[in-house]
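Participant: As a plain string of letters, each chain reads:
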Amino acid sequence: MTMRKGALYFLLVLVVITSAVLYFFRDKRIEAYLERSASDSNGGKVEIDNLHFSVFNLTFKFDRLQWTDPDDRWRNLFETGPVEFSIETTPLFWKKFIIHEMKVAGVMAGTKRVTDGYWPKAPEEPGLLDDVIESVEKEVRGLPVFNLDALKKKANLDSLLNVDQLQAVLSAKALRVDIDSTGGYWEQFLKTYDAKQKIADLESQAKAISVADAKDLNGFVNTLQKVKDLRASATALQNEITTTKKRADGDFSRLTGTVKNLDNLVKEDFEAAKKKIGLADFNFKDVGKMLFGNPFRDRFQGVMEYVDLGRKYLPTAQKLMAVNKVESPPRFKGQDISFPRTFAYPKFLIRDLHLSAAVGSAVSSNNFSEALHLTGEASGITTEPPVYGKPTTFDVEIFKPNSNAYAVRGVLDHTGEIPADTLRLSAANFRLGKIDLKQDKPYLPAQLDGQRGTVNAMVALRGDQLRASVELLVNQLNFIFADNAVNGDRITQAIRGVFSSVPDFRFSATAAGPTKDLKFRISSNLDEIFAQRVRGIVQENLQRAQQELRQRIDKEVAARRKEVETLLAAKQALVMNEVNKYEKTVQDQLTVIDAKKQEVEKKIEAEKKKGEVKLKKGLEKLLKP
Amino acid sequence: MFFLQFISKFIKVLRAGATPGQIAGGVMLGFMIGLMPFMTLQGVALWIVLFFLNVNLSAATFAIFASSFFAFLFDPLFHNLGFWVLTTPGLQSTWTSLYNMPVAPLSRFNNTVVMGSLLGGIVLALPVFLLARKGVISYRSGLEERIKKWKVVRWITGSKIATWYFKIRDIGE
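Chains as they are written, first to last, in our numbering: chain E, -6 to 618; chain Y, 46 to 218.
Think of the hints as simulated: they come from the structure by calculation, not from any bench.
Keep in mind that a hint or two might mislead.
Simulated DEER-style distance windows between Cβ atoms [what the hints assert, rightly or not]:
#1 Gly135/Y to Lys114/E: 33 to 39 Å
#2 Ala63/Y to Leu7/E: 54 to 60 Å
#3 Gly(-1)/E to Pro150/Y: 50 to 56 Å
#4 Leu118/Y to Thr386/E: 51 to 57 Å
#5 Thr83/E to Leu118/Y: 55 to 61 Å
#6 Ala111/Y to Lys305/E: 26 to 32 Å
#7 Lys431/E to Pro150/Y: 55 to 61 Å
#8 Met(-4)/E to Pro150/Y: 29 to 35 Å
#9 Asp33/E to Lys205/Y: 25 to 31 Å
#10 Thr208/Y to Asp33/E: 51 to 57 Å
#11 Phe332/E to Lys205/Y: 57 to 63 Å
#12 Ala115/E to Gly135/Y: 54 to 60 Å
Not the full set, but computed from the structure, chain Y residues with beta-carbon under 8 Å of chain E [what the hints assert, rightly or not]:
#13 Val94
#14 Asn99
#15 Leu126
#16 Gly127
#17 Trp129
#18 Thr133
#19 Pro134
#20 Tyr144
#21 Ser152
#22 Asn155
Virtual Cβ for every residue (Gly too), placed ideally from N, Cα, C.
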């Protein structure tokens, strides 16, 4: 067989044309491919502007990357300025994308989008963040709710206290119905009860039995039998009346118990009303927790969002194995047999990343002078940490203009089966700025404006076991109230005065435990200061308000209580007197019957003795010789 | 007219190399290509060989379609063969070395069906070549005349489509 010479030219032309097409359209094709892949992975549109790929030195450049927030299609999770990176040639043969060095400038988080960033997203499984949010929300719900407004409103308790909804009042109303119903039943029962007739019959039968009418022993024995029968009937009637009395007694005892329980209900009403109106007992150790619980929660959740992103995009060996698990070879597709790798490359890896960014809410309003600026480096960002074998590390400085920088260092070690993430943040003498405390009470500050601060924070998460701590010292601080007007209220002024005189602020918080059940501890020097200076003023007013509330509840319940007690006593007396009367009458008849019985028995005994004497004399006559 | 000339030339290329050896060569290469999964390094290499060697491309095209059509029936067999070869202990160092070479993984040699079909193709290549050549010789020595007399063949060759095909094929001759 000879060579097909023409084919060489044909193939050459074909290769040249194909290469030319691929070369001239490569940027658009790569850009579209990357955008589509990233959008699928993100669940929100990812856009790359002006990508350029150099075939000869394998470098990529683009002007901007917009990464849409999957939960808000009109907001970018982040966007970048110019990005430049080069990829390594050899790993491409194994379809591995290894970036040697990447430079990312001008990253901004939370920027607004001009176009809709919608992209269909696959349903997500609940992850670490959901557990943490639920756990934190549980803690926030347990934050103390202290409402000094109630102290001012105490004069207007009628509007705050819905008397008709008090448990004691409702119970008293129900009790009255119960007493009426129970009393009515017993009254009706006694009306139709035939005990009176039965007692009258007993009485007439007892009278009809005349011991004197009996003349001989037989007569006495017959009379005794009649007495015994009558006594059995009287005893049965007595038992019946006793049972009836016990039932009536039980019913009225139950009602009496319910009346007594009104006291407990009054206590419960009082505790519930205290909480509702805001007069619950207040521990001054909770001031720090109450003031800084919400800001701490927000920042903690923010940090955990980034940790969660790390967990999602840097999967552990366990997760990778679950994803890449070979169930069984698909029919006719064969099975890929793996061999040991001399050089193991992950599918995607950025060996080194140089970053400069601006983050924070000020970015979205283009207020860059207030935004947090970020510069730093990260290494080992990979989709397959177990394959790369080294943890992802980052070392970033975050700063505001005219302030010292925060140093943020982190190690995300997902190389083993259990992920272990550690983040540390430290800063000395930095400009704190304003912290929104999310309080709307006139006596509590809405913001904390700290001139200088020192902070040390740490988050360590191994598997689902989390331990986080933060220590904050703020100097030259100023508490800002939402309403700057001087309020004439004594308590408000006193509390505001304490806040104004705080020289510095020390705050510490810890969160520890499994992510589903985190336990928080928050403390600050404000607790001690408050305990010293405000306790007396607030406690005195608080106790006075509580006393007034208790009196108001007692007064409302007392009238109703007296009413049901009187009604119960009347019904009980009516029923029990009647039953007792029956009981006494039966007892009287039993006494009469017993007397007759004894009389008959004596007569029989006397007749027996007479008979014995006669018998003895007769026998003596017969036996005389 | 240019378009028709282009098609005519393409048909001539397809019909070129009409010796029994060239036809059998086309069948053999087509058979090997059709037997293997499409996107592999060796598959591309076979296409290039097919294109460069002066074999009969019509026969190759026919063989590609025919063997592709029947190949899936043998995939379980290829899978077992490939699995055995890839997991044989004595060959592990060879496969490991290949696996770690930059270009070799593009051949997808570590896939059981790819390996099995490649080996099957190599083993069967010579018998297919010999059978195909013998078949062409037999056809031309008497079978062709008999087949041309078949009613169905006469009906096809007399159809309008066939007439058009012959016209285009013979342009420039």
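Participant: Now, for every hint given, state plainly whether the structure supports it.
Facilitator: Status of the hints after comparison with the structure:
no.: 1; hint: Gly135/Y to Lys114/E: 33 to 39 Å; verdict: violated, 50 Å
no.: 2; hint: Ala63/Y to Leu7/E: 54 to 60 Å; verdict: violated, 25 Å
no.: 3; hint: Gly(-1)/E to Pro150/Y: 50 to 56 Å; verdict: violated, 34 Å
no.: 4; hint: Leu118/Y to Thr386/E: 51 to 57 Å; verdict: holds, 54 Å
no.: 5; hint: Thr83/E to Leu118/Y: 55 to 61 Å; verdict: violated, 39 Å
no.: 6; hint: Ala111/Y to Lys305/E: 26 to 32 Å; verdict: violated, 49 Å
no.: 7; hint: Lys431/E to Pro150/Y: 55 to 61 Å; verdict: holds, 57 Å
no.: 8; hint: Met(-4)/E to Pro150/Y: 29 to 35 Å; verdict: holds, 30 Å
no.: 9; hint: Asp33/E to Lys205/Y: 25 to 31 Å; verdict: violated, 50 Å
no.: 10; hint: Thr208/Y to Asp33/E: 51 to 57 Å; verdict: holds, 53 Å
no.: 11; hint: Phe332/E to Lys205/Y: 57 to 63 Å; verdict: holds, 58 Å
no.: 12; hint: Ala115/E to Gly135/Y: 54 to 60 Å; verdict: violated, 45 Å
no.: 13; hint: Val94; verdict: violated, 10 Å
no.: 14; hint: Asn99; verdict: holds, 5 Å
no.: 15; hint: Leu126; verdict: violated, 11 Å
no.: 16; hint: Gly127; verdict: holds, 7 Å
no.: 17; hint: Trp129; verdict: violated, 11 Å
no.: 18; hint: Thr133; verdict: violated, 11 Å
no.: 19; hint: Pro134; verdict: violated, 12 Å
no.: 20; hint: Tyr144; verdict: holds, 4 Å
no.: 21; hint: Ser152; verdict: violated, 11 Å
no.: 22; hint: Asn155; verdict: holds, 5 Å
This entry does not satisfy hints 1, 2, 3, 5, 6, 9, 12, 13, 15, 17, 18, 19 and 21, going by the numbered hints stated previously.
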